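There are 2 protein chains.
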Amino acid sequence: MSRALQDVATGTLFGVALNFQGLLKQRIAEFEQPPYQKPPLKPVLFIKTPNTRNPHGAEVVHPGHGDRLQPGPALGVVMGKSASRVSAAEALDYVAGYTIVNEFSLPEDSYYRPAVKAKCRDGFCAIGPELVPTALVTDPHSLAITLYVNGEVRQQNSTANFVRNIPQLIAEISEFMTLHAGDVLITGTPEGRVDVLPGDRVEVDISGLGRLVNTVVAEQPGARS
Amino acid sequence: MSRALQDVATGTLFGVALNFQGLLKQRIAEFEQPPYQKPPLKPVLFIKTPNTRNPHGAEVVHPGHGDRLQPGPALGVVMGKSASRVSAAEALDYVAGYTIVNEFSLPEDSYYRPAVKAKCRDGFCAIGPELVPTALVTDPHSLAITLYVNGEVRQQNSTANFVRNIPQLIAEISEFMTLHAGDVLITGTPEGRVDVLPGDRVEVDISGLGRLVNTVVAEQPGARS
Chain A
1 MSRALQDVAT
11 GTLFGVALNF
21 QGLLKQRIAE
31 FEQPPYQKPP
41 LKPVLFIKTP
51 NTRNPHGAEV
61 VHPGHGDRLQ
71 PGPALGVVMG
81 KSASRVSAAE
91 ALDYVAGYTI
101 VNEFSLPEDS
111 YYRPAVKAKC
121 RDGFCAIGPE
131 LVPTALVTDP
141 HSLAITLYVN
151 GEVRQQNSTA
161 NFVRNIPQLI
171 AEISEFMTLH
181 AGDVLITGTP
191 EGRVDVLPGD
201 RVEVDISGLG
211 RLVNTVVAEQ
221 PGARS
Chain B
1 MSRALQDVAT
11 GTLFGVALNF
21 QGLLKQRIAE
31 FEQPPYQKPP
41 LKPVLFIKTP
51 NTRNPHGAEV
61 VHPGHGDRLQ
71 PGPALGVVMG
81 KSASRVSAAE
91 ALDYVAGYTI
101 VNEFSLPEDS
111 YYRPAVKAKC
121 RDGFCAIGPE
131 LVPTALVTDP
141 HSLAITLYVN
151 GEVRQQNSTA
161 NFVRNIPQLI
171 AEISEFMTLH
181 AGDVLITGTP
191 EGRVDVLPGD
201 RVEVDISGLG
211 RLVNTVVAEQ
221 PGARS
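Residue numbers (UniProt numbering), protein chains in the order written: chain A, 1 to 225; chain B, 1 to 225.
Derived by calculation from the structure, the hints in this document are not laboratory data. Heads up, a few of these hints could be off.
[Said to hold, decoys possible] Dumping the calculated DSS-like pairs for lysine-lysine here, alpha-carbon to alpha-carbon at most 30 Å:
hint: 1; chain 1: A; residue 1: K25; chain 2: A; residue 2: K117
hint: 2; chain 1: B; residue 1: K81; chain 2: A; residue 2: K42
hint: 3; chain 1: A; residue 1: K42; chain 2: A; residue 2: K25
hint: 4; chain 1: B; residue 1: K81; chain 2: A; residue 2: K117
hint: 5; chain 1: B; residue 1: K42; chain 2: B; residue 2: K81
hint: 6; chain 1: A; residue 1: K25; chain 2: A; residue 2: K81
hint: 7; chain 1: B; residue 1: K42; chain 2: B; residue 2: K25
hint: 8; chain 1: A; residue 1: K81; chain 2: A; residue 2: K42
hint: 9; chain 1: B; residue 1: K117; chain 2: B; residue 2: K25
hint: 10; chain 1: B; residue 1: K81; chain 2: B; residue 2: K25
hint: 11; chain 1: A; residue 1: K117; chain 2: B; residue 2: K117
hint: 12; chain 1: A; residue 1: K25; chain 2: B; residue 2: K117
hint: 13; chain 1: A; residue 1: K81; chain 2: B; residue 2: K42
hint: 14; chain 1: B; residue 1: K42; chain 2: A; residue 2: K117
hint: 15; chain 1: A; residue 1: K25; chain 2: B; residue 2: K81
hint: 16; chain 1: A; residue 1: K81; chain 2: B; residue 2: K25
[To be verified] Label pairs and their computed distance ranges (CB to CB):
hint: 17; chain 1: A; residue 1: V153; chain 2: B; residue 2: E219; range: 43 to 51 Å
hint: 18; chain 1: B; residue 1: G151; chain 2: A; residue 2: K25; range: 47 to 55 Å
hint: 19; chain 1: B; residue 1: A4; chain 2: A; residue 2: S82; range: 24 to 32 Å
hint: 20; chain 1: B; residue 1: A89; chain 2: A; residue 2: T10; range: 31 to 39 Å
hint: 21; chain 1: B; residue 1: A58; chain 2: A; residue 2: K42; range: 46 to 54 Å
hint: 22; chain 1: B; residue 1: P198; chain 2: A; residue 2: Q6; range: 22 to 30 Å
Quick caveat: nothing in here was measured; it's all calculated off a predicted structure. We put the beta carbon where it would ideally sit given N, CA and C, even for glycine.
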């Protein structure tokens, strides 16, 4: 029914910012001020570096030091072959399948800066539990996304509310860069991000894809090296 | 005298923005306005994704379509082992050696947005020609960096003018993320970036590290796929 995720999703992790309609609406006022003057015309991308990879079941270390930590439930699209200048009409032919991503982040109050420090701490990108092939997902644009913290629903949304759908994202990104087999598009986190604390059990459920479970732990002084 | 670069510098390519004193001075006025109000306190990082890798001697495709292309001469620091919360005093022990990077980019008039589209086109990060071990570089903070376009000097600077030196960069970055063996720190491009055009021969010379040579070519319609 599914292939082992770790054998397939080995490439670059591309995050797409502002890809939920509700989130974009919240930010419109900000975008009408300097320096932007207008909302972004193209997908705003960021990278989750390889040190952020974290499997299903693993611990996510809270940054501590007064910083806040927020889960980022998202549908992951795993590329099946190299895509360069692919049209939206043929884009899904380049997809191997779907998985769940929890794109952890420090809160960001603006989109002004490259987000490496907020988004690329060790273990800040949980992925899994498995890769579900495209053939088993009837419509990737009608999947319910639910975030549970300690068993309580904290965010609920649907991939029906994407600003750009999956073919549009692949077309617009592959226009300027080649996406390779194994690369993962993190298609966007919905509005309403919440804070989590050490001890919290964080679960992302996407209909048909299963549930990705991780636990937040406190940082042990000096333990990271 | 040197190890094969492609066997060593296989990790993530981390760019450091605004790491030359002259460049930071040029930008100070911008940083004193909204949304920043003040200059950045920490290194501003960006990522060059794996599709940007390009060896010594290879062609770099000009984006065309009215876009401009600018070389970004920089010293590359190749990590030799994993570094997590390393102090500046011990940081150089984690370095395998140095190489030359030409971090091509579309011009960026602001630092407001994650720079993936400007910095991550295919082939936009030339690296080479070789890795020079740390033992052979007496002082990495006194290296002359020279950019030649068609044999003419177009940029000249020195690693003596870094805002943050190499130990400081490693300490500040490894405080929040683990740097792995094979990761490359692109330590910054000096002020005065110039435009290049198809047909141009672009060379970056760093004293003691050799010369990285690439040629700009025009994009062939539809050739990228």
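Practice item. Run the structure past the numbered hints and jot down the numbers of the failing ones, going up. Key: 2, 6, 10, 13, 15, 16, 21, 22
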